[in-house]
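Please put together the full structure from these sequences, using the hints given.
These are the residues of each chain, in order.
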Amino acid sequence: MNPKVHGQVVRSARAADEMLAARPAPPPISSWSIRSEAFRSKLFQLILILLLIAIGAYLFYNTTENMRLRGIQSGYGFLTQPAGFDIGETMFPYDSGNPYWKAILVGLSNTIRVALLGILFATLIGTAVGIGRFSRNALLRGLCQVYVEFFRNVPVLLQLLMWYLLLTEMLPAPNEPWVFGAGFYLSKGGFNFPLPQWAIGHASALFGFVAGLIAVGYWRRRQFQRFEQTGEAPSLWLVSSALLFVGIFAGWMFGGAPTEMRYPEMGAFAIDGGGALTPEFLAVLIGLTLYTAGFIAEVVRAGIQSVPRGQGEAAQSLGLSPSQQMRLVLLPQALRVIIPPLTSQYLNLTKNSSLAVAIGYPDVVSILNTSINQTGRAVECISIIMIVYLTTSLSTSAFMNWYNARAAIQER
Amino acid sequence: MDRYKAQVFSQVEAREAPRLEQGLIAALRTHLFGSRFSAITTLILFAVFLQTLPDFIAWALIHPVWTPDAALCKQAMGEGACWGVITEKYRVIIFGYYPYAEHWRPLLATILLLGLLVASCTRALWSKWLVLLWPLVMIAVFVILRGGWLGLSVVETDRWGGLPLTVLLATLSIVAAFPLSVIVALGRRSNMPAISAVCTVYIELIRGVPLISVLFMASFLFPLLMPTGTKIDVLLRVFIGITLFAAAYMAEVIRGGLQAIPKGQVEAAQSLGMSYWQTQRKIVLPQALAMVVPGIMNNFIGIFKDTSLVTIVSLYELTGALGLALNSDADWRPFKLEAYLFITFIYFVGCYAMSRYSLWIEAQLSRSKAR
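In order, the protein sequences belong to chains A and B. The first sequence begins at 4 in my numbering and counts up one residue at a time. The second sequence begins at 55 in my numbering and counts up one residue at a time.
A hint or two may mislead.
Said to hold, decoys possible - Straight-line C-alpha distance at most 20 Å; calculated EDC-like pairs for lysine to aspartate or glutamate:
id: 1; chain 1: B; residue 1: K336; chain 2: B; residue 2: E321
id: 2; chain 1: B; residue 1: K128; chain 2: B; residue 2: D383
id: 3; chain 1: B; residue 1: K285; chain 2: A; residue 2: E68
id: 4; chain 1: B; residue 1: K390; chain 2: A; residue 2: E172
id: 5; chain 1: A; residue 1: K191; chain 2: A; residue 2: E268
id: 6; chain 1: B; residue 1: K128; chain 2: B; residue 2: D109
id: 7; chain 1: B; residue 1: K128; chain 2: A; residue 2: E172
As the list claims (entries may be wrong) - Residues from chain B that face chain A, not an exhaustive set, calculated with beta carbons under 10 Å:
id: 8; residue: T84
id: 9; residue: F87
id: 10; residue: T95
id: 11; residue: I249
id: 12; residue: V252
id: 13; residue: G262
id: 14; residue: L265
id: 15; residue: I266
id: 16; residue: S267
id: 17; residue: T361
id: 18; residue: L372
id: 19; residue: L376
id: 20; residue: C405
What the hints contain is simulated information worked out from the structure, not anything from laboratory work. The beta-carbon is built from N, C-alpha and C at its ideal position, and this holds for glycine as well.
Given below as structure tokens:
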């Protein structure tokens with residue numbers, strides 16, 4: 004069999020060698036030629052960077068020019084000037100004579116308050132609805148699906164506006180509120196509820212709670228050790244909650260057992276005293292919670308579906324009850340799939356809380372919007388909004404990445 | 055003898071016949087009363103339905119006022135809904151500020167747009183002509199709405215409103231954001247550090263802030279960024295804002311698809327001598343995009359819902375037009391809830407249709423994988 008070179012049959016191996024040698028070497032590509040990939044890549048990047056710098060300089064020039072022409076002052080100096088507007092609800096003392104930075108801080112605290120509570124409730128409702136879609140009861144299953152389809156397919160702004168309407172128009176006036184038990188009032192003025200009068204006993208009760216937590220941690224570790232040795236599985240819940248209760252109760256007794264409560268009182272036009280939640284706060288909280296819960300339910304459902312069926316069947320054949328299967332076998336595996344999208348839902352909720360501006364809940368965006376209208380410093384105020392949300396987003400995703408790394412599969 | 059007793063034949067009671075597994079009764083038994091817990095749930099839910107549903111049906115369907123009569127509505131308040139508010143105000147709710155006499159123009163524009171969208175979603179009509187049709191219909195819609203041609207009076211963009219504005223903004227933003235997001239997603243995965251850094255910063259920056267702040271930028275900052283004297287239309291500014299916002303989210307979805315393509319696909323394409331763009335266009339993107347259809351559709355639905363936010367920077371789309379129609383009218387203001395339910399229904403139909411369509415596409419795509 005004669006060898007082939009370039010598809011031609013040649014007589015001998017020697018002839019083949021000659022033909023191979025005869026093939027011209029490809030011309031070397033200069034590292035400065037447009038045909039060199041490395042050069043092209045550098046060229047493109049250089050062009051992009053130059054282009055960005057040019058655009059940036061152009062916009063910067065335009066902005067400074069426009070601001071000079073319109074007489075807009077720039078700089079963050081306004082932050083220390085008095086704000087001059089009142090804020091409907093504040094978590095710490097504030098009045099209109101206080102500087103802008105304090106007003107912004109009030110807004111920030113309001114945003115954080117509604118976002119944290121919203122995340123808590125949305126997680127609870129969303130998880131319940133997501134698990135409910137696997138229920139063996141067709142009615143419950145259907146109800147959960149209707150919930151998800153309805154709340155996900157209507158804009159959140161519209162939902163907030165509707166809740167606000169319901170809370171401010173459909174409820175009775177503050178002088179004839181709905182009463183739930185002693186001291187709980189719901190009316191157009193919001194939700195009023197009794198609060199314990201602050202006393203030293205509450206601080207010691209908190210200490211008792213912390214001590215109880217430490218005791219619970221210690222006890223659980225002992226029980227897990229015992230389980231490893233003997234295989235006996237005790238109920239962890241009963242003793243844990245008893246320990247916590249004893250801790251709180253002991254701390255409370257130690258601090259003098261304060262029982263005085265501040266009850267809301269019905270006045271002529273409004274209900275005063277005690278704790279109060281404004282209709283704006285309630286509308287934002289309820290709206291965001293229910294909307295996000297619809298998305299969280301889908302995340303939870305997808306997570307549970309991602310666990311292979313065999314896992315549930317194996318757990319069943321080991322004799323675990325349905326709730327044990329869910330708690331010990333399915334959910335821990337589903338969590339790995341659930342956590343990344345859940346994080347982005349939390350961030351979405353926090354970002355959507357900025358829609359509060361539409362119904363007058365004084366969150367950070369609404370305060371800064373007022374500040375823009377008063378001072379005209381759009382650049383500065385918008386940059387503050389962006390910094391606030393970027394910090395929240397990036398720190399939340401950092402925390403969630405850390406948690407995700409912990410929950411990830413420990414592969415060998 | 056005792057040990058052998060068990061072996062002596064003795065009659066065993068006949069086993070019960072297995073329960074019926076088919077039919078309505080059996081279905082009810084397994085799905086509603088399968089266990090004690092399930093039965094209790096069923097009973098509780100039934101009780102709740104019995105408590106609320108009859109009242110709601112009576113309010114919404116049996117006792118409502120259908121005629122646009124505010125006095126009648128006031129009488130029926132609390133017992134029946136006042137759908138009369140919609141018969142009275144639907145033109146303002148749906149068309150916003152647009153001059154009342156010219157309402158046929160936004161109506162025609164909406165029908166054209168929706169027709170184009172439906173045609174683009176119908177498989178039997180997918181052809182080259184459709185690509186040509188898009189710019190034609192867009193231009194037609196623009197001419198009809200804006201006027202100033204063919205004897206139509208000029209209507210400035212700040213008077214556009216209601217449903218046409220919602221549909222137009224959503225469509226334009228989707229059409230513009232999709233290609234941008236593909237470019238940005240490819241850029242983020244590029245080997246060139248400068249390009250991938252720019253794309254990453256863009257994506258993370260936009261995804262880290264709420265849409266409102268982007269819209270505030272569009273309405274407060276854009277005028278400052280442009281050369282002195284130029285005026286950019288507010289609709290255009292808002293459109294750019296929504297597009298930039300949506301593209302960042304969609305880019306992340308598409309990146310997920312790109313990451314799922316095995317490396318061998320790219321290497322095979324390269325060994326066939328394909329260039330970078332050929333590889334992306336013919337090998338990588340078709341597979342990657344097919345994989346993330348649900349995510350992309352979710353983004354489209356998100357854009358449609360997010361258009362409601364432009365009301366905060368005073369463009370009167372559907373949500374804003376509703377406020378426009380009712381806030382200043384003391385007679386009809388008390389019946390805002392009914393009007394809200396009306397536009398909720400419109401949004402719901404739009405979003406629900408999109409999500410059903412997404413399921414249909416998924417089914418089409420999975421058919422290609424089935425053997």
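Fill in: Interface hint status, T361(B) versus chain A (Cβ within 10 Å)
holds, 8 Å
Practice prompt. Answer holds if the nearest beta-carbon of chain A is closer than 10 Å to that of T95(B); otherwise answer violated.
Written response: Because about 5 Å separates T95(B) from the closest Cβ in chain A, which is inside the 10 Å limit, the hint holds.
Discussion item. Less than 10 Å between beta-carbons is the criterion; does G262(B) satisfy it with respect to chain A?
Written reply: It holds, given that the least Cβ distance between G262(B) and chain A is near 4 Å, below 10 Å.
Worksheet item: Does K390(B) pair with E172(A) here, judged by a C-alpha cut-off of 20 Å?
Response: holds, 10 Å
Practice prompt. Identify whether the interface hint at I249(B) stands, where standing means a beta carbon of chain A within less than 10 Å of its own.
Written response: Constraint on I249(B) satisfied, holds at 6 Å.
Worksheet item: Can we keep the L372(B) interface hint, with Cβ of chain A closer than 10 Å?
Response: L372(B) check passes; min Cβ-Cβ to chain A is 9 Å, inside 10 Å.
Practice prompt. Have a go at the L376(B) hint: is there a Cβ in chain A nearer than 10 Å to its own Cβ?
Written response: holds, 9 Å
Practice prompt. Would you check whether L265(B) satisfies its interface hint, that is, whether its CB is within less than 10 Å of any CB in chain A?
Written response: holds, 8 Å
Worksheet item: Between K128(B) and D109(B), is the straight-line Cα distance small enough, at 20 Å or below?
Response: holds, 19 Å
Item to complete: With a cut-off of 10 Å on the beta carbons, see whether T84(B) makes it to chain A.
Response: holds, 8 Å
Discussion item. Can you confirm whether the C-alpha distance between K128(B) and D383(B) stays at or below 20 Å?
Written reply: holds, 14 Å
Worksheet item: Given S267(B) was flagged as interface, is its beta-carbon under 10 Å from a beta-carbon of chain A?
Response: holds, 5 Å
Violated hints: none; the structure is consistent with every hint.
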